[in-house]
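J.: Chains as they are written, first to last, in my numbering: chain A, 534 to 835; chain B, 534 to 835; chain C, 534 to 835.
Simulated from the structure, these hints should not be mistaken for lab results.
Mixed in with the good hints, there may be bad ones.
What the hints assert, rightly or not - Not the full set, but computed from the structure, chain B residues with beta-carbon under 10 Å of chain A:
| no. | residue |
| --- | --- |
| 1 | V546 |
| 2 | E550 |
| 3 | K569 |
| 4 | V613 |
| 5 | C624 |
| 6 | G644 |
| 7 | Y647 |
| 8 | G709 |
| 9 | I712 |
| 10 | L715 |
| 11 | N717 |
Ideal Cβ positions, reconstructed from N, Cα and C, are used throughout, including at glycine.
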Amino acid sequence: MNTLKELLHIDSVSGDESKMTDFLIRYTHKRMSSWKVTPEIYFGDDFHDCLLLKFGNPTTAVFAHIDTIGFMARYENQLVPVGGPEIIEGCYLVGMDSLGPIRCKLHTYEGAAYHDFGRPIERGTRLSFEQSIKIDEEFIEAAYLDNRLGIYNALQLCETLENGWVVFSTYEEHGGGSIPYLLNFIQKRAPIKQALISDITWVTDGVHHGEGVAISIRDKFIPRKKFLDKVIGLAEKSSIPFQLEVEAAGGSDGREIQFSPYAIDWCFIGAPEDHVHTPHEKVALKDLDAMIKMYQFLMKHL
Amino acid sequence: MNTLKELLHIDSVSGDESKMTDFLIRYTHKRMSSWKVTPEIYFGDDFHDCLLLKFGNPTTAVFAHIDTIGFMARYENQLVPVGGPEIIEGCYLVGMDSLGPIRCKLHTYEGAAYHDFGRPIERGTRLSFEQSIKIDEEFIEAAYLDNRLGIYNALQLCETLENGWVVFSTYEEHGGGSIPYLLNFIQKRAPIKQALISDITWVTDGVHHGEGVAISIRDKFIPRKKFLDKVIGLAEKSSIPFQLEVEAAGGSDGREIQFSPYAIDWCFIGAPEDHVHTPHEKVALKDLDAMIKMYQFLMKHL
Amino acid sequence: MNTLKELLHIDSVSGDESKMTDFLIRYTHKRMSSWKVTPEIYFGDDFHDCLLLKFGNPTTAVFAHIDTIGFMARYENQLVPVGGPEIIEGCYLVGMDSLGPIRCKLHTYEGAAYHDFGRPIERGTRLSFEQSIKIDEEFIEAAYLDNRLGIYNALQLCETLENGWVVFSTYEEHGGGSIPYLLNFIQKRAPIKQALISDITWVTDGVHHGEGVAISIRDKFIPRKKFLDKVIGLAEKSSIPFQLEVEAAGGSDGREIQFSPYAIDWCFIGAPEDHVHTPHEKVALKDLDAMIKMYQFLMKHL
């Protein structure tokens, strides 16, 4: 869990993910000697702030987005959302501009968000929820479990993965934009036919804490039935707990795979969380464990 | 009309189009010996559930989407729309899950849709409108004329087509996603500069039953004027009845051609229907006839 | 300013930009002998109504859209917007159909737009705001400063540009669609890593007339912070007046660069205007001057 705690303390609001990328590059270099297969590593200017790991001969890729929602300072003391954060009166935000570190409270007025910091914050400064992690025997509660848990899952997968891409993408919370060039590269370097989206979904009236990882049959977009049948069939064989999700809304990196110029099947698989996009996202540890096991199983058998 | 009736009885809600693809592959193999030109046939895993027929040396492609709107079973007896079906109290839906065939009524409550089937329906099961076909001397009335008529038109075109792609696409009713990889393939295999969208449009205050096939000057998106002028100029020479459509909303596979990485002109051409996205879509046979003739004419002269 | 006045008198509502393209081709051929570097020129059927100029060895491209908002004649005397024009009771619209030139008034009724022309206007005919240009010592006021000023800026840049693409795009006001194939061509011919969007933005509570060109930190979409830092850092060194914009809405050709299959950084830089998308768009001449100087500076140092 130390890695997870480190991940939870790194700020990377959409468009400014480089600190997370740097962490993941260092982590990979430090850990990969103990991984079953040594991956090829791709990062740098040609990939903006993304990172790709190629293990063996891939047919499938796992995508985990490394950005988070947050806020951006506008004029006066106005705040503009980045992605879709909950606007919560009185919650604490943190960040940094050229004058130094920032810690302030969010206030709401007629639906809009403002900060109460003692001096002007430079235009365009990104702020994120102040982090506070609680872990007991059943649950983890923190800001940005979406998608630090998806990253953590991908890193756990690296330990034993023999064949597959593990891809850390940017911008997902704010409309996307990295998946198209990542896929362009992947399809030229070592093409895939299948993709799994390692991300966190919602507790709803049909998806509950503690009942396993959610395999999403649809959100706003709909993966192809043939591939869903294959994934669910394998999940049934795995004896790892899972639940099936059917939503009318919501999106993920899967959306950009759906609309890419390649015939790549995709499926969102992730633990469900409560209090989505608040400072207190909450996930059952059992579901996180099922998520990790399910990815290991599927990446072997898909 | 037997082919059309067969088409109307095949379920293929977006994301689950494989039964329609199988039909079209069988149909092509059975019929193509009598076609003027024998096409190259492309289908299979690299094309998901799409099918492409290449006749001669194409400069133009005809796109007909093979999916339909419908519903998906969520939790309890909730239904989530696939695409944009009309939610009609009391209409009959049919489908199939692992426990067997399903026939149920749709009920509405506060704008949401539910089913009344005697047992739970498995999560993610697709349901479609129960089919009922009425044909008299003037009109055809059935579920899913959109886009069974577009498919039928494309198949009629195959009889005499010398040069051109005929492409059967998926997912159109639910945001799209097949056109990008289809175009990627087409532009590598035998590139096009022009595309016609073989699909069904709306009867409105300016487009009426029986006044010919509609050539759409715009829907939500706007084709290039130069190409519209060329198409309309040819249509005028053809002496086939047509009417010009100008709408502010609605979309088609043309949208994904507009936003593709290729400079391909496109135009939507199709018969207008009443009772759009209900079980009782209605099209004038004269307009269907004009649609078929117009495609044959344009694909010769464009 | 004569070139600017000529630009302001050319109609090119989205989808019908060929008159503007023709002007720009003629202008380029006439002027380029006096330019510091002679560009390679790309236009014609493979680029629809776009035009690309390649100077030297580019790493950056400047994009200026050549289309404008406007209206399209529907049925009866209805008008459908092209892009997002302000619907202003009593404003004059002009255009042309096969029966001759059109000048009419726009009327509104229950939020919809109608024309009062003395005869029916042919379906699909494009109408634009009647042009009226006012220039004093401080301001220019006219229809379609967005984006005639962006074009003008790009043309001024051509005078001294040594390395870079100057690209004239279409369709921007109505959802886009030319950037994907332009980028596809650019990345094959002489690839770029950076893009500047030469377009006009809004006067708001944080961006004012006369305070310099606006460098946009975000609109609806968010460029990458690393690139923004680089651009703003250079702007600070330039001693050219600029102001930083932070908006939650609005879009530009930058959107399609963000979602392209290439890792290209982008930033919107343009003078702010008042009365956006009306016949009386208004820009401070000082801001236009700063825009021109900033592009010349950045294209040298980026």
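J.: Check each numbered hint against the structure and report the violated ones by number, ascending.
T.: When the structure is compared with the hints, numbers 3, 5, 6, 7 turn out to be violated.
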